[in-house]
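A.B. asks: Chain by chain, the residues:
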Amino acid sequence: MDKFSKLTGTACPINQPNLNTDQILPARYLKWTRAMGIGKVLFQDLRFDADGNEKPDFPINKPAWRNAKVVVGARNFGCGSSREAAVYALYDYGVRCVIAPSFGDIFSGNAVQNGLVTAIVTDDEAAEIMETLARTPELPVTVDLEQQTIVCGNKTYGFTIDPVRRMRLLNGWDDIALTESFRDRIASFKSSDRGKRPWAVPNTSA
Amino acid sequence: MSQPRTLVDKLWAAHEIVRREDGESLLWVDRHYVHEGSFHAFGKLAERGVPVAEPGLTFGVADHYVPTRGSRTDIANPEIARMVRQVEENTAKHNVKLFGLGDPRQGIVHVVGPEQGLTLPGLLIVCGDSHTSTHGALGAYAFGIGASEVAHVLMTQTIWQKKPKLMRVTVDGEAAPGISGKDIVLAIIAHIGTDGATGGALEFAGSAIRALSIEGRLTLCNMSIEAGARCGIVAPDETTFAYLKGRPYAPKGTDFDKAAEEWSAMTTDAGARFDKDVTLDAKAIAPIVTWGTSPEDALPIDASVPDPAREADEARAKYLRGALEYMGISPGKKLTDIAVDRVFIGSCTNSRIEDLRAAAAVLSGRTSKVPGLVSAGSTLIKQQAEQEGLDRIFRDAGLEWGESGCSMCVGINGDLVAPGERCASTTNRNFRGRQGPGARTHLMSPAMVAAAAVTGHLADVRPMLTGRKV
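Respectively, the protein sequence lines represent chains A and B.
Okay, so the first sequence: first residue is 1 according to my numbering, each after it adds one.
Okay, so the second sequence: first residue is 1001 according to my numbering, each after it adds one.
Just so you know, these hints were derived from the structure itself, not from any lab.
Nothing false has been slipped in among the hints.
Below are the BS3-like pairs computed for lysine-lysine, each with C-alpha atoms no more than 25 Å apart in a straight line:
1. A:196 with B:1252
2. A:55 with A:69
3. B:1010 with A:190
4. A:69 with A:40
A quick note: this is a predicted structure, and the numbers were derived from the prediction, not measured.
For reference, chain B alone in the conformation it holds in the complex:
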């Protein structure tokens, strides 16, 4: 009998073209997503005068630089206009399909891929963006790569990789109402640390993971990279198939049924070995927010920020002092006493329809005490939200309803948090300067951002959900 294998073992084997003696494998790439930042790689192609090897497996999206406000056809900032034009020119030149501005399917690459049914179980997916790990939510082996690797994939449709260490995080039990994929993943990162899974492949398992919607799983896998992992993955199941059925680029009719049958076998065999196994109890997870400058600086909302004076390890104490100073928070302060200056709902982590509904459920009939921006993950999601009247809820609460794009997550497009300002945000990174120089970012779920908006400070959303449909 053959050895029991993990899901990642199976996907790896299906893509391995050749393995060198030194242990690196050349893997076939099923989908390659490119965006404005891929210009370095297209430049390398131009230098060599070579074409894109598989334009039919390559898809472009304009997301990082696109404006969320003002004209998108006549972009005011010439540098941003140039970046958007470059991806249009590069994809057109190489006959690569682009979901550009003006296309209703445009949005954030990690939202568009799943939404269009381009991301499927069993595929190997790469993109020059660390949050490519997102696509693992549908049972794909998906990871971010650098510009040189993007050029390599464009030229050969393959990539050299060394088989990663395998880690499994099992979350069992029933999560409390109001606890989302974001809370679960922040709890995991707080538990294992931002380098807890360095270079590894992270499989998420357990009843609490199975119970998550695809949107929740996308959030979970999106943040695998913040735990240091190369990729995160959830085995495909009926939830996955139901999500994919009817998506534009997914197989149709009996082809879909045949595919789904093969996808059903993409699970970890009983008894398969992982290099590391971690278990969390879903019942113990409360809404989580970050207080510091790393995603691992995450705590349940009813906690207080650490006090460096009570920290025995001097290096750790120094880190805490630095993080608190940057964040402008006094040691030991209760999280719920931290006032916010603005809110942001969006990014590839939390900008899907379910995320917008969760925030709207809290904001409905209430007013935000602070300004904020809501940016849907794609133009299609934006349209759907408008049909459902969610935009009205956000606007009535006093928030701005923008166009879709990466927006205030990385701030490349000019959507910035001002120096010293504090933002409750659904994004994935609270690094120093991430949302702009001197910006202070607290990561949390969309519902928790809505709670912060309504109260003007970090707040537990749970009491605010009483009597509401979530």
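Isolated chain A (complex conformation):
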């Protein structure tokens, strides 16, 4: 997993509460592997009409935001289905950070596994950042994970992120390697647990 410390880039505002993972990546692309270029179909049904033409009103289709590294969303961004491919689509498109007032729980868990930062600001701050970007679309935004700040124009906003997730992102830590270091603890838990909760093992005489 890539480390994240600080980035500067254009930021695309998408002012839709409850923007769910079905919209980030429609279900019909769940058969795709990352190697197939899943970033191409990010926001597919929001970006394109039924004939495959771009919808000019959808923010990421606007020239200034085509190469956005940051997405600014409304509350409950990434709610819905657990599909991690929604995170792959954002990341492979080039997005490294999503700023929003709240996130779908599984989405933010998936994000950290893939190096995507989920920065939480207040509703008012998200609205203010979106307004600034609407006025000056090309304005680059700087996200600093070390400092937990977002610089947008002449304003600096603090953001929150779960401290464990922040540490993982800063260090590019992989869970598996960490868990391996607890191998003995897992084995001893398992053997004592089998004695305590024999009913927890499936009855395979079925």
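Position chain B relative to chain A; hints supplied.
C.D. replies: Just chain B now, kept in the frame of chain A:
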């Protein structure tokens, strides 16, 4: 004396292997369910060349992609056939039990787990599907995870988690006849919002919850995720034990009795603290339908859809305009004036035998004005419904009787609602495009879907139940 603890506190403690200084705990996983979508995770295992750590605690089901119509042994669509074959190959390679096509136990993972007695009180259950919250209905701590976490569980049988905030929703009082678990949970979501319980664990309590059957509780916990919660849970009780007794993978004989005694202690102690406590009155809950594009856009059937012009908050007004435009509904319209184009009964929310009986009770001797599909949650439920003659009722009403699977809930298998079409549906998500690009979904209970089928529009099922057994 020790501090009073919540049910979730107790289950958490029973599974905690180690807690890091930063507050994350490594938890033991008792059951891991996998499906076709788990191919990303199996791919990660292959990359590392490692086996599944606990194949005996891992169970596979083919559900998301399986066809509900046409041949299931010779699947016409090559991409779908490939997805089904992949889960067969991956589970076979790792010696994981699969309820695949051709196995009568096949069905939707969240239906099969409880039905087979794999889901038990006190277990920690994960699956790469957000609706894993369903299994909390039996007193399990169950939550959906992403593909990287699926790979982690496959490799280690453990998962890193931070203890969630605890929220309790108490629903007291006696619900009116015709009010189901679906109505209760939609009322809860409408009340607290789709991010009302973000990341939290939601315990459902109160006399109206206790009165629900396991099927009703499964529906309730299934939709906890739509309130933003990671999991929902109902403390196990006599209803739970009666449901589980005799299920294939559940403990047998005296083992069961001993287990049930331990499960009986899995309740929240009096005086235990929750981060948030919400109370609803069951008597005040009417049949509920959604009008918009989020599960929180839910209203009693006798209400009218909102009018953005009457909304003071501009951001909210904008949301309402967008949702109404997508749904093709004019502001202020009465819900009962909204005509539907088709109906769907199925999904992990409402495809159990009790759900099918509730819909059949309304449809019996009546005709559907619109086409529709009924897909049982498992092949076993399908067979049971056929023995009870429910399939005949659905067919006589003009509905299609399909095979079991996720079907028209997420539409991956090709069961789609056409662009612009409006579907009365027992599913859990009314997101834009959820049942297909441009599809318009109204969520409701099986009985309410049946009422919509019979009338051709959203309708209050209660008058239609007069003189019928429900």
